[in-house]
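J.: One letter stands for each residue in the lines below.
Number of protein chains: 2
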Amino acid sequence: MSDIDVLVSEVGPRDGLQSINTIMSTSDKKKWIKAEAEAGVREIEVGSFVPPKLLPQMADTADIVKYAKSLPNLTVAALVPNFMGAKNAIDAGVDKMCLPLSVSETHSKANLRKTHDEVLEEIKQIAEYIKTLDKSERPKFEGNLSTAFGCTIEGKVSEKDVISLAAKMMELGCDEVGLSDTTGYANPTQIKRLIRLLKQEVGDNNLTSMHLHNTRGLGLANALASLEEGITTLDSSLGGIGGCPFAPGASGNIVTEDLVFMLDSMGLKTGIDIKALIEVNRMVKTCLPDEELYGFTVDSGLPKGYSEGGWGAN
Amino acid sequence: MSDIDVLVSEVGPRDGLQSINTIMSTSDKKKWIKAEAEAGVREIEVGSFVPPKLLPQMADTADIVKYAKSLPNLTVAALVPNFMGAKNAIDAGVDKMCLPLSVSETHSKANLRKTHDEVLEEIKQIAEYIKTLDKSERPKFEGNLSTAFGCTIEGKVSEKDVISLAAKMMELGCDEVGLSDTTGYANPTQIKRLIRLLKQEVGDNNLTSMHLHNTRGLGLANALASLEEGITTLDSSLGGIGGCPFAPGASGNIVTEDLVFMLDSMGLKTGIDIKALIEVNRMVKTCLPDEELYGFTVDSGLPKGYSEGGWGAN
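Going down the list, the protein sequences come from chains A and B.
Quick note: to get this note's numbering, add 32 to the position in the first sequence (first position is 1).
Quick note: to get this note's numbering, add 32 to the position in the second sequence (first position is 1).
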């Protein structure tokens with residue numbers, strides 16, 4: 033990613049679609065992913081390798097991965113909850129797999145139906161399996177610490193638990209770890225402190241990504257705080273679609289269009305054409321007529337005379 | 033303000049109410065201001081001393097000022113567009129007057145119906161008049177640079193113009209200057225750069241306040257950037273009510289409840305009881321049944337187990 037400053041990782045087709053009632057058709061998903069890749073988005077989490085009976089919205093993920101792999105300049109990511117999901121993801125050809133481990137064990141049991149030890153066992157199996165693969169077919173394997181900033185069931189989450197679970201994930205063979213504010217509880221001070229603490233444990237290069245929600249309106253402030261601590265990958269969802277279906281009141285990924293507008297206007301290169309991205313929002317809206325998309329930049333439009341790459345940067 | 037870290041200056045009764053159709057009754061305004069002061073808000077811009085035929089919503093401002101002055105621990109601020117307004121504000125007994133000067137001269141003509149020179153002449157008259165007053169009856173006089181980060185009519189605004197107009201305001205006798213992102217065009221990089229440049233010109237102590245809008249969702253990120261540059265007063269509007277009626281598409285002050293949640297959860301003292309503030313939102317909603325209030329924290333509620341003064345601060 034030498035030509036960009038920040039990698040915006042679109043999670044709408046996974047985190048967004050899994051938490052709404054509408055099941056988007058496979059062809060609409062492909063249209064969305066293609067349009068976003070063409071707008072310059074370099075990484076998209078296209079689905080989740082979970083049993084279709086749990087999340088029917090994700091039943092076509094293998095097909096979507098294969099399609100997305102045909103698009104140029106795109107890292108194709110998917111969520112995997114366990115070893116079985118990881119095997120399916122690898123068979124489908126993903127470039128990157130994310131496995132969430134909820135720091136709140138109560139949330140882990142509700143979300144993945146597993147204790148910490150059971151999730152860590154899955155991670156171990158996946159890491160061992162990956163080692164047997166040729167480098168060419170080996171996806172990147174990220175362990176993601178969800179509810180890292182608080183839990184809607186347990187409340188406050190211990191930073192020590194975040195650090196020790198992250199350390200275990202790295203020991204077991206994850207390529208890197210990421211932090212998720214699944215519940216939208218985080219604030220900029222907490223974000224900065226936890227990133228610093230965790231980097232001390234796992235090393236600067238092994239914590240590069242953040243998954244933030246905008247539940248209490250602090251999403252972009254938390255994104256800014258993350259950037260200031262050297263984070264280079266930020267997850268977001270087109271039209272703010274989605275959230276965590278098992279964390280009540282925790283809807284609201286940060287909005288891709290608003291995030292890209294912020295980064296672009298700050299003069300940070302994302303590779304994304306903000307005007308084309310706004311068009312993608314309009315297209316996805318027509319595919320999801322019964323769902324509410326949200327976002328400020330799409331509603332208000334770009335500033336008058338705005339030009340790509342930092343209208344306001346000087 | 034030695035016992036607080038950040039002064040949240042509520043502008044809803046002025047910037048909010050002037051830009052909606054409903055005319056709030058004087059008694060409802062008083063209820064609102066009283067409730068917010070009781071929740072711990074230390075400064076409220078209670079109205080605008082403009083001709084009632086231009087803004088009938090503000091016709092009772094003198095009455096509101098007198099009432100607000102009876103409340104303990106409250107700085108009573110008002111907007112004044114000119115010398116006549118300032119005289120009325122001083123007669124009513126305001127603690128602080130803000131006079132907006134739009135850096136975009138086109139916007140200045142549309143908003144205040146005056147050129148830069150004409151506005152500066154008003155500032156000069158006000159400053160000279162203030163000097164004739166006893167210290168005890170002399171309000172603080174802030175010159176506010178509106179459209180400082182871009183204009184919906186002119187587009188990009190020159191930073192040199194911001195600096196030179198600020199310098200003129202200080203020369204003419206303003207006690208301090210403030211920056212307004214009237215149009216919601218600002219980004220954190222621009223915010224930081226302009227604060228630094230302007231402080232070099234007017235001195236650290238003469239730029240302490242920012243007025244930010246959330247038009248493109250960047251309001252709290254811009255607030256964070258402002259805090260990082262030493263800003264200690266942030267304007268916001270309860271329920272996000274308001275914006276600038278003469279800047280199309282520029283609605284949306286930052287939301288007081290979300291701002292206070294951010295500051296409080298960061299461990300920054302505001303003196304405000306966030307739970308009481310959320311109750312004020314509910315009360316104001318009943319006074320404005322036809323208007324849309326918005327804000328994330330009120331909708332989502334506080335985090336589980338949240339306690340005042342930085343649940344997430346560690």
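Treat each hint with caution, since some may be false.
It does not matter which identical chain is meant; a pair holds if it fits inside one copy or across any two.
Straight-line C-alpha distance at most 27 Å; calculated DSS-like pairs for lysine-lysine [stated by the list, open to error]:
| no. | residue 1 | residue 2 |
| --- | --- | --- |
| 1 | K301 | K192 |
| 2 | K188 | K146 |
| 3 | K336 | K141 |
| 4 | K301 | K188 |
| 5 | K167 | K317 |
| 6 | K172 | K63 |
| 7 | K172 | K307 |
| 8 | K224 | K301 |
| 9 | K336 | K224 |
| 10 | K317 | K192 |
| 11 | K146 | K98 |
| 12 | K85 | K200 |
| 13 | K307 | K66 |
| 14 | K224 | K66 |
| 15 | K336 | K192 |
| 16 | K188 | K317 |
| 17 | K188 | K101 |
| 18 | K192 | K66 |
| 19 | K66 | K101 |
| 20 | K62 | K307 |
| 21 | K192 | K156 |
Think of the hints as simulated: they come from the structure by calculation, not from any bench.
Note that this is a predicted model, so its numbers are computed, not measured.
J.: Each hint should be assessed against the structure and marked as holding or not.
T.: Going through the hints against the structure:
{"no.": "1", "hint": "K301 with K192", "verdict": "between (34 Å within a copy, 26 Å between copies)"}
{"no.": "2", "hint": "K188 with K146", "verdict": "within (20 Å within a copy, 54 Å between copies)"}
{"no.": "3", "hint": "K336 with K141", "verdict": "between (49 Å within a copy, 18 Å between copies)"}
{"no.": "4", "hint": "K301 with K188", "verdict": "between (35 Å within a copy, 20 Å between copies)"}
{"no.": "5", "hint": "K167 with K317", "verdict": "neither (39 Å within a copy, 60 Å between copies)"}
{"no.": "6", "hint": "K172 with K63", "verdict": "within (25 Å within a copy, 58 Å between copies)"}
{"no.": "7", "hint": "K172 with K307", "verdict": "neither (31 Å within a copy, 44 Å between copies)"}
{"no.": "8", "hint": "K224 with K301", "verdict": "both (22 Å within a copy, 19 Å between copies)"}
{"no.": "9", "hint": "K336 with K224", "verdict": "between (34 Å within a copy, 21 Å between copies)"}
{"no.": "10", "hint": "K317 with K192", "verdict": "neither (42 Å within a copy, 42 Å between copies)"}
{"no.": "11", "hint": "K146 with K98", "verdict": "neither (29 Å within a copy, 62 Å between copies)"}
{"no.": "12", "hint": "K85 with K200", "verdict": "neither (31 Å within a copy, 69 Å between copies)"}
{"no.": "13", "hint": "K307 with K66", "verdict": "within (16 Å within a copy, 45 Å between copies)"}
{"no.": "14", "hint": "K224 with K66", "verdict": "neither (34 Å within a copy, 37 Å between copies)"}
{"no.": "15", "hint": "K336 with K192", "verdict": "between (47 Å within a copy, 19 Å between copies)"}
{"no.": "16", "hint": "K188 with K317", "verdict": "neither (36 Å within a copy, 31 Å between copies)"}
{"no.": "17", "hint": "K188 with K101", "verdict": "neither (40 Å within a copy, 41 Å between copies)"}
{"no.": "18", "hint": "K192 with K66", "verdict": "neither (41 Å within a copy, 43 Å between copies)"}
{"no.": "19", "hint": "K66 with K101", "verdict": "within (10 Å within a copy, 60 Å between copies)"}
{"no.": "20", "hint": "K62 with K307", "verdict": "within (20 Å within a copy, 45 Å between copies)"}
{"no.": "21", "hint": "K192 with K156", "verdict": "within (21 Å within a copy, 59 Å between copies)"}
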